[in-house]
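Heads up: the protein sequence lines correspond to chains A and B, in order. Heads up: the first sequence runs through residues 1 to 239, numbered per our numbering. Heads up: the second sequence runs through residues 1 to 161, numbered per our numbering.
Which chain B residues face chain A? A few, computed with CB under 7 Å, are given here:
{"id": "1", "residue": "Arg-4"}
{"id": "2", "residue": "Ser-7"}
{"id": "3", "residue": "Tyr-13"}
{"id": "4", "residue": "Ile-16"}
{"id": "5", "residue": "Val-45"}
{"id": "6", "residue": "His-59"}
{"id": "7", "residue": "Phe-97"}
{"id": "8", "residue": "Leu-101"}
Distance ranges between label pairs, derived from CB positions:
{"id": "9", "chain 1": "B", "residue 1": "Asp-153", "chain 2": "A", "residue 2": "Asn-94", "range": "41 to 47 Å"}
{"id": "10", "chain 1": "B", "residue 1": "Asp-130", "chain 2": "A", "residue 2": "Asn-94", "range": "41 to 47 Å"}
{"id": "11", "chain 1": "B", "residue 1": "Val-22", "chain 2": "A", "residue 2": "Arg-232", "range": "30 to 36 Å"}
{"id": "12", "chain 1": "B", "residue 1": "Glu-23", "chain 2": "A", "residue 2": "Arg-232", "range": "24 to 30 Å"}
{"id": "13", "chain 1": "B", "residue 1": "Glu-160", "chain 2": "A", "residue 2": "Asp-49", "range": "15 to 21 Å"}
{"id": "14", "chain 1": "B", "residue 1": "Gly-152", "chain 2": "A", "residue 2": "Pro-231", "range": "21 to 27 Å"}
{"id": "15", "chain 1": "B", "residue 1": "Asp-130", "chain 2": "A", "residue 2": "Pro-116", "range": "45 to 51 Å"}
{"id": "16", "chain 1": "B", "residue 1": "Ser-87", "chain 2": "A", "residue 2": "Thr-214", "range": "51 to 57 Å"}
{"id": "17", "chain 1": "B", "residue 1": "Gly-86", "chain 2": "A", "residue 2": "Pro-187", "range": "49 to 55 Å"}
{"id": "18", "chain 1": "B", "residue 1": "Pro-48", "chain 2": "A", "residue 2": "Pro-116", "range": "25 to 31 Å"}
{"id": "19", "chain 1": "B", "residue 1": "Gln-145", "chain 2": "A", "residue 2": "Trp-149", "range": "32 to 38 Å"}
{"id": "20", "chain 1": "B", "residue 1": "Ser-87", "chain 2": "A", "residue 2": "Pro-37", "range": "21 to 27 Å"}
{"id": "21", "chain 1": "B", "residue 1": "Ala-120", "chain 2": "A", "residue 2": "Leu-38", "range": "22 to 28 Å"}
Stretch by stretch, here's where chain A covers chain B in the computed footprint (C-beta under 8 Å, at least three residues):
{"id": "22", "region": "17 to 27"}
{"id": "23", "region": "102 to 112"}
{"id": "24", "region": "122 to 132"}
{"id": "25", "region": "148 to 155"}
FYI, nobody ran anything at the bench for these hints, they're computed from the structure. Ideal placement from N, C-alpha and C gives every residue a C-beta, glycine not left out.
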Amino acid sequence: MSEESPIVLPDDPSFGPEVQIDYPGYRSTRWRAPKLPLVSLPEEFHQADGPVYGEGTVGELDHDLTRQHAGEPIGERIVVSGRVLDEDGRPIRNTLVEIWQANACGRYHHVVDQHPAPLDPNFTGAGRCLTDDDGGYRFVTIKPGAYPWGNHENAWRPAHIHFSVFGRSFTERLVTQMYFPGDPLFPYDPIFNSVRDPASRALLVSEFDLATTTPDWALAFRWDIVLGRGPRVTPTEDH
Amino acid sequence: MAQRTPSQTVGPYFAIGLTRRVENELVAPGEPGAQHLHGRLLDGVDEPIPDGLIEVWDHAGRRWGRVGTDGGGGFAFTIAKPPAVGSEAPRLDVFVFARGLLRHQLTRVYFPDEAAANEADPVLAALSADERATLVATADDGGFQHDIHLQGDRQTVFFEH
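Build the full structure now, drawing on both the sequences and the hints.
Next comes the structure, spelled out in structure tokens:
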């Protein structure tokens, strides 16, 4: 499918595991993706610690997007959980995880979003929590809908949840998107495919997880997040 | 070794999740030493970016803040100028996020009234004069002004991370 589309370029693992920031299929990159080579900083900079959020910054119901209004939101109730880890697989504890998403109809609670699908008065679509001692996070929400966007003719975003994670050092910071397994829109989405290495791209997709499903109440998806410090080390470098 | 999760754009609707609180005051506006830092986020054809997010970190003073850009690409913070640390000139570390930016970009803001410290700073010293100029704010009434250019002839210096 991707070979036929001017919007989605073929897989190319030689780009490495990070996104191709000037990916041409995503039109908004054209005047926004920086063109000059990045400048290196001393290694110590990447080890230095970053901002820390205390317990007081997160409310008791901030992790539950289905209980922030008078009534329950419309949609398929889901649990999304996982762990925030470093590259050695160690848990990153007590770090702030923030999410935001469209409602079940694919509409964001945002003035700029004019997609003619209904807003849900019982759904804002924002949550936050701090990771526990095991690096774990857990949100209760509703499954977001796919939605059209103006990038190209008949462009649709696969269903996704936006994630923001801080980590311990300033440069562990990550903002990304979590997708759902088996989405038929994957081959057509330039944002998802801007990660050209398919193995790396697969890391953006959650897994259905029967074990964390709540019987008679909500399906569950698991998704781990791995944060790195400083520039990625390519396998060809000597260490 | 676990493989890192790749980045994706913050998109146009991040205000829902990230900027509902006022977080652009690293120090309270009335506090001694409080100064205004403001600027604009611009694209490669000098158009303002109205859906960008700027995060600043003052490591020396352990103060952090963030703000979304306004309709004119503008952002503003209340800061206190950090101290120099060893040979490193006073600075703020800055992340830029935006719709159309598939990974956040790392830059810095240095201060125009710290010429000697800037001269001695090892990171600034490794740059050309034109590159350095993209990282140093200009003095302004009661504070500092600093534009960030994502692209073009005046592209801001961005660092590996």
